[in-house]
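**Student:** Protein chains in written order, with my numbering: chain A, 201 to 639; chain B, 5 to 362.
Treat the hints with caution; some may be incorrect.
Stated by the list, open to error - Okay, derived cross-link-like pairs now, SDA-like style, lysine to any residue, Cα gap no bigger than 20 Å in a straight line:
no., chain 1, residue 1, chain 2, residue 2
1, A, Lys292, B, Ala48
2, A, Lys628, B, Pro103
3, A, Lys320, B, Phe179
4, B, Lys185, A, Lys542
5, B, Lys171, A, Tyr624
6, A, Lys320, B, Val180
7, A, Lys511, B, Gln342
8, A, Lys426, A, Arg448
9, A, Lys628, B, Ala48
10, A, Lys628, B, Gly176
11, A, Lys503, B, Glu315
12, A, Lys542, A, Ala318
13, A, Lys292, B, Thr168
14, A, Lys626, B, Lys185
15, A, Lys292, B, Val180
16, A, Lys292, B, Ala307
17, A, Lys626, B, Lys171
18, A, Lys542, A, Gly361
19, A, Lys511, B, Leu337
20, A, Lys628, B, Leu105
21, B, Lys171, A, Ile630
For the record, the hints were derived by calculation from the structure and aren't laboratory data.
Small disclaimer: the values here were computed from a predicted structure and weren't measured.
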Amino acid sequence: MKRKNLAITLAALAAFVAGGAQAQNEQFIPANGYWVGPYAPGGSGFFGGIIDYFQMLNTRDGGIGGVKLTWEKCETEYNNARGVECYERSKKHPPTGASVIHPLSTGITYSLIEKATADKIPVISMGYGRTDAADGRVFPYIFPLITTYWSQNTAVIKFIGRKEGGMDKLKGKKIVNLYHDSAYGKETLPVLDVQAKKYGFEVTHIAVPHPGNEQQAQWLEIRRIKPDWVILRGWGVMNPTALKAAARAGYPRDKMVGEWWSGAEEDVIPAGDAAKGYIAAAFNLPGTSFPAMQDVVKYVYNKGKGDLDDKTRIGSIYHTRGVVAGIITAEAIRDAQAKYGKKPLTGEQVRWGIEHLNIDDKRLKELGAVGLMQALKVSCMDHEGGGAVKFLQWDGKKWNVITDWISSDQSIVRPMIEQSAAQYAKEKGITPRDCSKES
Amino acid sequence: MLYREAGQFKTTYAEDQQIFPIRQDRIAMALLLVVAFVVVPMIANQYWLAAILTPFLILALAALGLNILTGYAGQLSLGTAAFMAVGAFMTYNFVLRMPWLGIIPSLVLAGLCAAGVGIAFGLPSLRIKGFYLAVATLACQFFVLWVLQRVGWFSNHSTSGVITAQKIVILGYEFVSPASKYLFTLAVVAVMALAAKNLMRSQTGRAFMAVRDMDVAASVIGIRMMGTKLLAFGISSFYCGVAGALYAFCYLGTVEPEAFSLDLSFRVLFMIIIGGVGSILGSFLGAAFITLLPIILSVLSGAFSHVTGIEISYAVLSNFELIVFGGLIIFFLIVEPQGLARLWQITKEKLRLWPFPH
Numbered sequence: 201m202k203r204k205n206l207a208i209t210l211a212a213l214a215a216f217v218a219g220g221a222q223a224q225n226e227q228f229i230p231a232n233g234y235w236v237g238p239y240a241p242g243g244s245g246f247f248g249g250i251i252d253y254f255q256m257l258n259t260r261d262g263g264i265g266g267v268k269l270t271w272e273k274c275e276t277e278y279n280n281a282r283g284v285e286c287y288e289r290s291k292k293h294p295p296t297g298a299s300v301i302h303p304l305s306t307g308i309t310y311s312l313i314e315k316a317t318a319d320k321i322p323v324i325s326m327g328y329g330r331t332d333a334a335d336g337r338v339f340p341y342i343f344p345l346i347t348t349y350w351s352q353n354t355a356v357i358k359f360i361g362r363k364e365g366g367m368d369k370l371k372g373k374k375i376v377n378l379y380h381d382s383a384y385g386k387e388t389l390p391v392l393d394v395q396a397k398k399y400g401f402e403v404t405h406i407a408v409p410h411p412g413n414e415q416q417a418q419w420l421e422i423r424r425i426k427p428d429w430v431i432l433r434g435w436g437v438m439n440p441t442a443l444k445a446a447a448r449a450g451y452p453r454d455k456m457v458g459e460w461w462s463g464a465e466e467d468v469i470p471a472g473d474a475a476k477g478y479i480a481a482a483f484n485l486p487g488t489s490f491p492a493m494q495d496v497v498k499y500v501y502n503k504g505k506g507d508l509d510d511k512t513r514i515g516s517i518y519h520t521r522g523v524v525a526g527i528i529t530a531e532a533i534r535d536a537q538a539k540y541g542k543k544p545l546t547g548e549q550v551r552w553g554i555e556h557l558n559i560d561d562k563r564l565k566e567l568g569a570v571g572l573m574q575a576l577k578v579s580c581m582d583h584e585g586g587g588a589v590k591f592l593q594w595d596g597k598k599w600n601v602i603t604d605w606i607s608s609d610q611s612i613v614r615p616m617i618e619q620s621a622a623q624y625a626k627e628k629g630i631t632p633r634d635c636s637k638e639s
Numbered sequence: 005m006l007y008r009e010a011g012q013f014k015t016t017y018a019e020d021q022q023i024f025p026i027r028q029d030r031i032a033m034a035l036l037l038v039v040a041f042v043v044v045p046m047i048a049n050q051y052w053l054a055a056i057l058t059p060f061l062i063l064a065l066a067a068l069g070l071n072i073l074t075g076y077a078g079q080l081s082l083g084t085a086a087f088m089a090v091g092a093f094m095t096y097n098f099v100l101r102m103p104w105l106g107i108i109p110s111l112v113l114a115g116l117c118a119a120g121v122g123i124a125f126g127l128p129s130l131r132i133k134g135f136y137l138a139v140a141t142l143a144c145q146f147f148v149l150w151v152l153q154r155v156g157w158f159s160n161h162s163t164s165g166v167i168t169a170q171k172i173v174i175l176g177y178e179f180v181s182p183a184s185k186y187l188f189t190l191a192v193v194a195v196m197a198l199a200a201k202n203l204m205r206s207q208t209g210r211a212f213m214a215v216r217d218m219d220v221a222a223s224v225i226g227i228r229m230m231g232t233k234l235l236a237f238g239i240s241s242f243y244c245g246v247a248g249a250l251y252a253f254c255y256l257g258t259v260e261p262e263a264f265s266l267d268l269s270f271r272v273l274f275m276i277i278i279g280g281v282g283s284i285l286g287s288f289l290g291a292a293f294i295t296l297l298p299i300i301l302s303v304l305s306g307a308f309s310h311v312t313g314i315e316i317s318y319a320v321l322s323n324f325e326l327i328v329f330g331g332l333i334i335f336f337l338i339v340e341p342q343g344l345a346r347l348w349q350i351t352k353e354k355l356r357l358w359p360f361p362h
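With the rest of the complex left out, here is chain A (with noise of 0.2 Å):
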């Protein structure tokens, strides 16, 4: 009897590692993420809303174009080791591969250029990586869409010129720039040294090693110099860290302003009240109010399948930006689609979506994300495609929006990103695509 069982378990490893057979008109898109360890919040909030998302089409629209979307979780641990393990992993899975991959990490996303490039497999680094991957031609099959950090940057400093009362008053004023000592927290660090130049502020660098649970000594330094701003560029546990620090060091909170991935609920409500007032730069709005949202909480969470185990983080900052990387996602495969058929795609057909996806406020209607993002428009060229940001601030109990779209300062920023990924391309020996040429 113990036999038998034993000779079905293992018959039913081997066909599950043989890899299922089942799997005909699927689109495959592995869930390469987080949910334990210091960053877990941003990992399982954003993998929660790409999930949920899926889920949802392939409940209410049977997929995309007839083609079920299928996902497979891989914990990476923010770890660029484990990372290139899971991507390895997934990349060959039936029926065509990974299709496209969300990285989640800036680390991790740098790992995987060349290997993705070389595999034809897509990375959608929406909001990190490698900022100048926005350069299409030198980095085909890297997409840091909507908003890198670099335009996110400018947009930070266009915010605080706003409120100090125009650009030029900029002059003279000391900014600094806490970041987290990362391939992630330093990538700012040319582009803010080059606006300081150009409007005369003076900025200050001042790292924290990770995971950023010790900042006495940085906190020290800051009251200090007695700063105009601070910008946080924290991640996962660094956030509310530096929040606390700040209310103990006597620190203004509204004049610290945090980056997308310091301005989630995660990162405030641990600090308490210690983060009333503080302000942080989004591409994505929080909230259930959104058509989109309505339906992710009608199809899926109402049913009981919702991938969150914490119900009330349902329309956080972390799951409504998982949305709009399922958005984007789905929206590229719809795209692709079109061109190649209604069939499970690779890896190379759905990076022709992604460069080709526009999605209009037309389109963001139809969708319901009007407000939930922005339009975004990519090509060969701008392999970012959006580039504006919002700014919202904390009352203690919720974010509230306080800007419209800001634009960044593309006149900064692309000249920056095309020198810098000239470089990488003479680096590397590779030929720029030319742009003219692709349909």
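On the provided structure of chain A, position chain B as indicated by the hints.
**Tutor:** Structure of chain B alone, referenced to chain A:
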């Protein structure tokens, strides 16, 4: 019955001193090498080559490096990942700045740089021992990463501090495919493992062990403390440095200093504890165990939920992995401080007698 050395007579000193004195061992080793070099690249798929076997070999090499220092010479170190980082970043710089050098000399030079750093941070070992030395090497871990992050030269002034490993090219052949990278790694690891094995059988290796077992006695019988300890640090760091370079060039491709965090140092330490302190084989067993366990757990849980329909949450799984590691480390420390390698040795001894117990 098969594993018996009856009838194998050794008539020369050379035969008596060879690495594998038993014929069956020699055959098994030859078979293993043939499998690793020929059969595996033919049958293994990309996932196995790129995501499992290559990192396994690289981490085994790092574990081997640490084992030389901690297992053989008895000097506790928590700076493994830092030495790996030196190796990775220096190889990148050698290839970048002296492209005419070629990859192998760059690897060796980077290993020597790591050895230099290792010797510098090994200096405290002349005065302090045990936990205090561990703390001194911990300082090395933080200091090296700090320098790599702060000094732009190391990452060629990359904005985000990451380096992208160049292509490995030897005599015009480009190592691009997972199989070729695996073979490159395997060749380096095999050569270095053989060197380590021989080193440990030499006078130097015996001096290491004498220092480990009792340094006062060792110095009384005429072993120079300073030279021996620093040599151990140097050789160990050299191994770690090469492992780090392979980690960047053959596995990750693009690396930020954060990839060589303290976590990695601890992982390598766990490898030698579980695999076997003071054993070449143990480094490989430990590395296999630690790289494979999380993957096996997650595949098994996937299969489990596939069969039963119950999904195990990732939080549970990830914590379970930590629990298993913690439990195993305590288990090995209490029951078998010599690790998996010792279990293998016991099995071998039993096999030699089998089927007769006496």
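**Student:** Does the structure keep lysine 171 of chain B and tyrosine 624 of chain A at a Cα separation of 20 Å or less?
**Tutor:** holds, 14 Å
**Student:** Starting from lysine 320 of chain A, check that the Cα of valine 180 of chain B is at most 20 Å away, please.
**Tutor:** holds, 15 Å
**Student:** Against the 20 Å threshold, does the CA-CA distance of lysine 292 of chain A and alanine 307 of chain B hold or violate the hint?
**Tutor:** holds, 17 Å
**Student:** Given the proposed pairing of lysine 292 of chain A with alanine 48 of chain B, does the C-alpha separation stay at or below 20 Å?
**Tutor:** Holds, because 14 Å separates the two Cα atoms, which is no more than 20 Å.
**Student:** Check the hint pairing lysine 542 of chain A with alanine 318 of chain A against an upper bound of 20 Å on the C-alpha distance.
**Tutor:** violated, 25 Å
**Student:** Are the Cα positions of lysine 628 of chain A and alanine 48 of chain B separated by 20 Å at most?
**Tutor:** violated, 29 Å
**Student:** Given the hinted pair lysine 292 of chain A and threonine 168 of chain B, is their alpha-carbon gap at most 20 Å?
**Tutor:** violated, 25 Å
**Student:** Quickly compare the C-alpha distance for lysine 626 of chain A and lysine 171 of chain B to 20 Å and report which way the hint goes.
**Tutor:** Roughly 14 Å between the alpha carbons, so the hint for lysine 626 of chain A and lysine 171 of chain B holds.
**Student:** Could you grab the alpha-carbon distance between lysine 511 of chain A and glutamine 342 of chain B and see if it respects the 20 Å cut-off?
**Tutor:** With a Cα-Cα distance of about 49 Å, the restraint between lysine 511 of chain A and glutamine 342 of chain B is violated, given a limit of 20 Å.
**Student:** With the threshold set at 20 Å, check whether the alpha-carbon distance from lysine 542 of chain A to glycine 361 of chain A stays at or below it.
**Tutor:** violated, 49 Å
**Student:** Holds or violated: lysine 503 of chain A with glutamate 315 of chain B, Cα cutoff 20 Å?
**Tutor:** This hinted pair holds, its Cα atoms lying about 17 Å apart.
**Student:** Are the Cα atoms of lysine 628 of chain A and proline 103 of chain B separated by 20 Å or less?
**Tutor:** Satisfied, since the Cα-Cα distance of roughly 13 Å is no more than 20 Å.
Against the hints set out earlier in the document, violations occur for numbers 4, 7, 9, 12, 13, 14, 18, 19.
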